[in-house]
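Trainee: The primary structure of each chain is shown beneath.
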Amino acid sequence: MTRQMTGAKMVVQALIDQGVDTVFGYPGGAVLPIYDEIFQQNSIKHILVRHEQGAVHAAEGYARATGKPGVCLVTSGPGATNAVTGLTDALMDSIPIIVLTGQVPTFMIGSDAFQEADTVGITRPCTKHNWLVKETDGLSAVIHEAFHVATAGRPGPVLIDIPKDVQFATGTYNAPKPSTSHYQPQVKGDMEAITELVAAIETAKRPIFYTGGGVINSGPGASQLLRELVDATGFPITSTLMGLGCYPASGKHWMGMLGMHGLYEANMAMHDCDLMINIGARFDDRITGRIDAFSPKSKKAHIDIDPSSINKVIKADIPIVGDVGHVLEDILKVWKSRGRKTNQAAVAQWWSKIDEWKAVDCLKFTQEGKTIRPQHALARLEALTKDHDRYICTEVGQHQMWAAQYLGFEDPNRWMTSGGLGTMGYGFPASIGVQMGHPEALVINVAGEASWLMNMQELGTAMQFNLPVKQFILNNERLGMVRQWQELLHGERYSHSWSESLPDFVKLAEAFGAKGIICSNPDDLDDAIMEMINHDGPVLFDCLVEKHENCFPMIPSGKAHNEMLLGEAETQGVIDAKGSVLV
Amino acid sequence: MSALKIKKGSTSHSAYNLRPTFSDVEERHTLAVLVENEPGVLARVIGLFSGRGYNIESLTVAEVDHTGHLSRITIVTTGTPQVIEQIKAQLGRIVSVHEVHDLTVEGPSVERELAMFKVAGQGDKRVEALRLADIFRANVVDSTLESFVFEITGAPDKIDAFADLMRPLGLVEVARTGVAALPRGD
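In order, the protein sequence lines correspond to chains A and B. Quick note, the first sequence lines up with residues 1 to 583 if you use this note's numbering. Quick note, the second sequence lines up with residues 1 to 186 if you use this note's numbering.
Okay, chain A solo, but in the shape it has when bound (with noise of 0.2 Å):
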């Protein structure tokens, strides 16, 4: 079907004929034809978030937990640079999300002119990919186009620059249809390489599923054959930050988070098996540790949607390039068909191993005293909240860490963090996007006071459109990562580690008509949890919790994964000059 209308209208209409419902934006100069077409229909909503990175981080938030693209619509020059941070974070976490950005009229382009910015040339290296549009009549299809971009394959970013000028003009309008573009990513893996890795599963003596964001973003599908084929086979299974909630952590094969400060089970196992199966994980430098100590006595296959992962890092001994959900399918498929076999006696015998390690307990804590420790602060959100309609958020630091180490996950798409950028202030608006996605679930953002000040403009986006996400602050007064590595680096010198002059966070809360909470002694945690759950709107938790904690258990930088750090006591002098020059 095609139609006259401006490029303005062509944009909403676009947009709704994509199936959004949600946009994330923030007006300005070169938008204002857009935003008034907004202005004229009811079928998009659009919350005004109050700086663009918000914007960004509230559409990446969407997209995660609903599975649906997130879009964002921002203003040219400083609406589309404030974006970059979000557009980099979600290219680094394979996130689809279509950001749509104002630009100076056509003939303006190129003269400086106010607001003008080179958006296409800024955001090339931060975005799947990106487009200029300077015809209104190629407009809708360069929006259908974007949609499939950023959803096919490895998803990701992608933005649409749109002068001024295209928006006014009238142009045809097409509806999408299926993309004939020749970017079509191939999704099947190969059988050969399928049925060698079948091979090696039934011989395997000590095997690991290593599982990543990969899974997740294949959809909920994936995660129902992975759950299939970790339980009839009995393997082991670990995964990143980034796919938590592939498998449940209540799972029987379940061992935790690898990595940097992942489980000292899950990092045993990664060294010693013989057979490592990398679904939809890309060998993240946190995850390998030192490099050529890495798992150095087992066979390697490695499933990816994208091949330059595969060889990246690692050498993989069986590759297969293709989208999770496939694969596995196949997997399942040959795997059955060949006899459901492994190599039963030696794998109890590695789980009698793994039991071991877990004795270990590396997250065991105490909590002793007047002053809250975080895990425990953790501890005690999980087993209040666990049985809720939950979604978690969080900022970048140790409380990331804690979270990922005491909070539970049993389904893909409730765990939103940033992972390969590492972007404080990521969660707040990201929590943000959550609830707009799902409005009547629990979404809480696990944070630090620092991360949590970053985006903190947010709070009058979450009470404007009545969002009530819950913002637990886990508040040390310290940045306390880098204070962590200061101390384990840095000879105790806490170089700008610390921030005076902190709000005082009820106060802050109540100035935007929220509520705030202040805890500070373990007796009232619960209580004070409570409350949080139970208010209806949003609500700033400021748990003050001890100012010295370090997260353990933790590789140190330029070590293996069998020379982990389980508590304070093993410290002294384990980063070497080497190491210390890694972030």
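Hints in this document: simulated from the structure, not taken from any laboratory. All figures in this text were calculated on a predicted structure; none of them were measured in a lab. Hints should not be assumed to be uniformly reliable.
To be verified - No more than 27 Å apart at the CA atoms, straight line, and that leaves these computed lysine-lysine pairs for DSSO-like: (1) K297(A) / K252(A); (2) K158(B) / K315(A); (3) K252(A) / K205(A); (4) K88(B) / K188(A).
Said to hold, decoys possible - If you want the footprint, here are the derived chain B segments under chain A, 3+ residues with CB under 8 Å: (5) 37-51; (6) 80-93.
We put the beta carbon where it would ideally sit given N, CA and C, even for glycine.
With chain A held as given, fit chain B onto it using these hints.
Mentor: This is chain B only, laid out in the frame that chain A set:
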């Protein structure tokens, strides 16, 4: 396929030293990349090389299919086998890229480059320059009483050799197009 090879006596402790387990012999590869001829496509390709720290020895680009709006980019690059694999995979990931071919491994190929040399001189040097140009089958495309501009086509090492010979004879300026390459046979 071999298991992970750990180099004996490796001293690398860096979590970012991503390539200790692969061959570290640098290879030279010629890649042919077919791309959509749209604004910014060359910037995407070059940005990939600079952003990820890969080398470009030479790069040529022109539209080769005017109806399909496809351009062919020929890139000569160097790197370890793993880096070359990464370059190809990363190029393949760019949405505007249609095809990536590694002409160095996909069978025999032929490489040509065009260059222009301005050589200024008088007397014997001028005569010698002209004689060598003849041997190299270079054409004279401009001539004054004190200078020649030679045009020469050939593989890059032939052009290098010609440049070496012209240098003592008064070479003042060089322009090279970079390598264009095609696979041999059908």
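Trainee: So, for every hint listed, does it hold in this structure?
Mentor: Hints and how they fare:
For a cut-off of 27 Å, the pair hint linking K297(A) to K252(A) stands: about 25 Å separates their Cα positions. Among the hinted pairs, K158(B) with K315(A) is inconsistent with the structure: their alpha-carbon atoms are about 38 Å apart, more than 27 Å. With a C-alpha separation of about 19 Å, the suggested pairing of K252(A) with K205(A) holds against the 27 Å cut-off. Proximity of K88(B) to K188(A) is assessed by CA-CA distance (about 21 Å); at most 27 Å being required, the pair is judged to hold.
Under a criterion of three residues with beta carbons nearer than 8 Å to beta carbons of chain A, the stated coverage of the region 37-51 of chain B is upheld, 6 such residues being counted. Only residues whose C-beta sits within less than 8 Å of a C-beta in chain A count toward coverage, and the region 80-93 of chain B has 7 of them, enough to reach three; the restraint holds.
Violated hint for the displayed structure: number 2, the only one.
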